[in-house]
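Chemist: What follows is the residue order along each chain.
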Amino acid sequence: MRTPGILALVCSLAAPLAACDAGFEDEAIVLDLRVLGIACEPPEVVMDIDLMNPELGDLEIPPVTISALVADPGDDRRLRYTIHACPPTQSHRCDGTTFPSQQIASSSIDDPEGAAGSTGITAEFLINPIILQESVRLDDLAGYGGVAVQLHLTVFPEGDEDLARAVHATKIMLYSPRLPEERVANTNPWIQEVLRDEEEPLPVGRCGAPETVPIPVAPATTLRFDPVEPEGVREDYVLPTFDGDVREITENLRYKWFASAGNWAPSESGGAIDPFGNVPPLYANWTSPEEPGLVSVWVVQRDERGGQSWLEYCFDVGGP
Amino acid sequence: MPSRPPRALLVCATLFALTTAASAQDVRREDVPAEKPKPPQLTSPPQLLEGAEPTYPPEAAEKGLEADVIVRITIDATGAVTNVVVPTPVGNGFDEAAVEAARRYRFKPAEWDGKPGPITVETTIHFKMQVVEAEPPPDETDPTTDAPKGTSVIEGVVKERGTRKKLEGVTVAVRELGLAAPDSDAARVKGFAFAETITDAAGRFRVEGLPAGKYQIVAILSGYDRYEERLDLAADEKADTTLYLRAKGGTPYETVVEGETEKLEVTKHTLDRRQLTTVPGTFGDPLRVLASLPGMARSPFSTGILLIRGSNPDDSGVYIDGVRVPLLYHFLGGPSILNPEFLEDIDLYPGGFPVRFGRSLGGVIDVNTRPTKSDGFHGAADVDLIDSSVYLRFPASDDVGIAVATRRSYIDLLLPFFLPEPDPGDQLVVVPVYYDYQARMDWRISATDSLSVLFFGSDDRLDVLSVDAEDEQTFDLGTHIGFNRLRATYTTRLSPEWTMSITPLAGIDVVSLSAGERTATSITDTTFGVRERVVGKLGDRLRFDFGTDLLYRITDYELTLPIASDVAGFGGEVEDLQVEPEDFSRSSDSYALGLYAEMAWDIGAGVRVIPGLRLDLHLLSGEQRVSLDPRLIARWQITRDTALKGYVGLFTQPPQPEGFDSRFGNPDLELEQAIQTGLGFEQRIGRYLTIDSEIYYITRDDLAVFSGDVRMRDDGTLDPLFWSNEAEGRTYGLELIIKREITRNFFGWVSYTLSRSESKRREEQELAPATFDQTHNFIGVASYRTDGGWEFGARLQVTTGRPRTPINGSTYLVDEDRYDAFNGPRNSEREETFAQLDVRIDKTWVFNTWMIGVYLDIINVLNMGNREATQWDYRFRDSAPVRGVPLVPTLGVKGQW
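Chains as they are written, first to last, in the working numbering: chain S, 1 to 320; chain Y, 321 to 1217.
Some clues are possibly wrong.
Unchecked claim - Quick partial rundown of chain Y residues pointing at chain S, CB under 8 Å, derived from the structure:
(1) D981
(2) M1032
(3) D1135
For the record, the hints were derived by calculation from the structure and aren't laboratory data.
C-beta atoms are modelled at their ideal positions from N, C-alpha and C, and glycine is treated no differently.
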């Protein structure tokens, strides 16, 4: 006696990879317009908010600087962007219809891979207390874990007004009550340097920038990249428990590796100990493409509290 | 070689009855004591008291034509023949002659549960030209030429070939002495008064007073091939022989029961044994046939999820002999957890089920196991590449029968021989490993008392079969689910009209999931219960079914999780927090006392109303809940073949016990409720064709779902609720089944369901098509069996594709490093229409004491690339279909003795 389900299972098990390989684009290889990271400075603001009576109008809220890592290796063009702030939404976008929305920025930048592309996307903003108040109201935890404000970045080629082709990215900015008393605001992590094959520090540089000297590498060569974390970059912090107690936690840092060509194995490293007890390694291996040319490599570092930083490198495949 | 003038030779006019007659209709159940009421049992077949010799049609005789005419005879409760039909006319005057003769038969009536009752039987009247041999030379051993010289005896037993089932009602005759009714002139040739006999309930026969000589023994039973055997009989010899009759088509013919049908349910689909094992696409797995009935939505990837009228799989009750079980199939759409030989029948109640079933909102599947018999040693074995099973049945005494069965998979042992060495970076391969077992004992204590004990269980786990040897990471996966059940049913007949049964039961369920040392979950359910049921009637118009249903369940949770469940992390997320695993031990107990009563009242003019009431008292982790479910069923039998039916009722079930946990649940949860209403129509067309249709409307409210809501305590701290009664849904539709009942060669049905199932998880949401909503679901099943042991079957299913939510781009969530789909209206699109054709070919070889069968079952023979789901690239720009089960042929071999 046999049943279809288990036979299908056996068939799929016999070819475990082929069953799921739909030939999709590799996420770690950036071919067109992408947002690779967004950082806020600071990533968290700790304030004296009374959650039982969240009147926020009189609070002194510090300004925050937002910056984004955007890549567009497929085209040589200017980009236009907007940034809005709103309470977290189901769609993760600030559409301005359901909840109040605050425009933070609307501007243009040069081609990120061009000579003048170093300016990038950056803006400073002061959050509107109405946004905060609405965020508290909509939060299931009533702001207990921090008042989350959604920052929605929209990027699209300048002159292309069809927003259906725009790229959207969202980051959460946290305005936290001082719970517990000893709570300290998060700070962004940072990468001291990245070692090539565990020895040689790589020089940072953006392809297209006049001052960048591309790193030569032979085609189809596999390099190991190890991020070096500065001492103390993994912060210890406290979170309030629901019953009024405190839990102490140490940050874990994750790394996401991107390139404009070649391939990665793996393309993610670091992070929390997995459920099986494995401590994830920090390094990643990149194999350069067969074709010669300039290749951008990015590494984005994240903590689990919204902190973020990144570094960018430029390789000359087949170069001197 | 002169010939006699043609004269009719009535070869056989004896009737048969199969004690294991398969009921093609629902029949009243109050007189069977088991957990599930059974149809009345044929306790004595009709016996021919007086035969009649047909007249050989003159024209046919002149032409030298011969014929076998099958006649279907309806016999009433007095033994009189009330109707005779020839289902397959043969012409040349034979049909009329056969009918004329059969009308003159006189019978001792059949008995149902010891009482005379109507029955319809078939027999064959053979018209053969008799040739008189030339006078042979005198031979001392030829009994036809010698006067009786001794008292030789032929005795023995008649059994069904292959199964060794003892056959009752078989005509056994001595050819040399003529074949006729016992009291006929032909039977008294040369003074031998017992030249013909009929086997008794044990299949035994005896022919006495035979002189020494050569004899040809003939055994005849309708539905079986004629059997002949030659014997040399010495003077004063007692010959003991066993005659094996071969069922036509390889298995016994099914008796068409014409007894009065009594229904206490509005919508119930019953599958009997033949339907259970030969439906294409099921690989002989009886419980898979359920998916071909109306009311059952198609399960994606043939995984066997029970989707009954839009309800969640957990909302439907699955019972085995009245004992609820947590699952019906092994992991990932594996085979069902019961050996097919253990099954008697399956009842599917898609809605409006009786009050004896409680604590379910959806439908009910009631699986009944076969009572054992003290009829010798029997068994079956099934071997294929993935698992093997064995079934044994044997008597422990004259009144005690025992049956055991088990199955074990070995895909984990065989697959490594076929798997390639994993390449670096390849995924691991995980395979299901399972076993199940069943044991049943039946003890007939006395004529009124009996005891049956059933012990069964199932165990599934996932084994890691292959990993990349160079991978530095470890992967230790432990997934296990298993259950064991023990139930005993004592049944006593309180009076001829009343029966009581008591069923104590115990069970243990274990579900565990572990991943290395940091993550482990183990949930153990220990269940004790007792069910008591009384069934009977007062007069001819009132029938009762009432009882109690007590259940006590202890649920123990052992959790080890590296998760901070007591804090709110960044954006409310805690998955990425680097915390050490914590051990949690929780326990909850629940009591449920159910009291139910149902009364069927025949008002008159064919109208029957069945009011029922069920009261359940719950104590769930210390929280009291009470439900009172009234239900009303009505049925109007307009004519013998036409009926209208309807029902309305309230159905209540408690949420899962963990939902009430003070830490991980919400003690304020309420019971979940549904109101089911239906209106139906039944029509019988001719003898074999039935139409059953129903429209229904179901609302479901207060459904418990995971919730992110929190409640602020008085001291300002927070109390996360985790669960709430926010979800709701509704389902409405039309179901239709046109069924061609089983006959010797053919059975089949056409099933169609038109439905709309909608749900929402949060109050602020709008109702939208539910995940498994399928507007149209058409299924056609047909199977044809030849008399040569071949059977050919096909099953076609065409179903509307499942709903899906359109995706209009994505948003990159930079903190979580993932893209989230930007969705359109929920479930507002559908996958492509699903279509699949399955075929099956069986060939059975039957030997005297055993039989063996080979089948080829091909699912999706047209290899339709049905789109079951859609997979997307990382940013939801490109998509690709996830195809369903491809063409899968399977060759199976099964032996039975």
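Chemist: To test your reading of the hints: which numbers does this structure violate?
Modeler: 1
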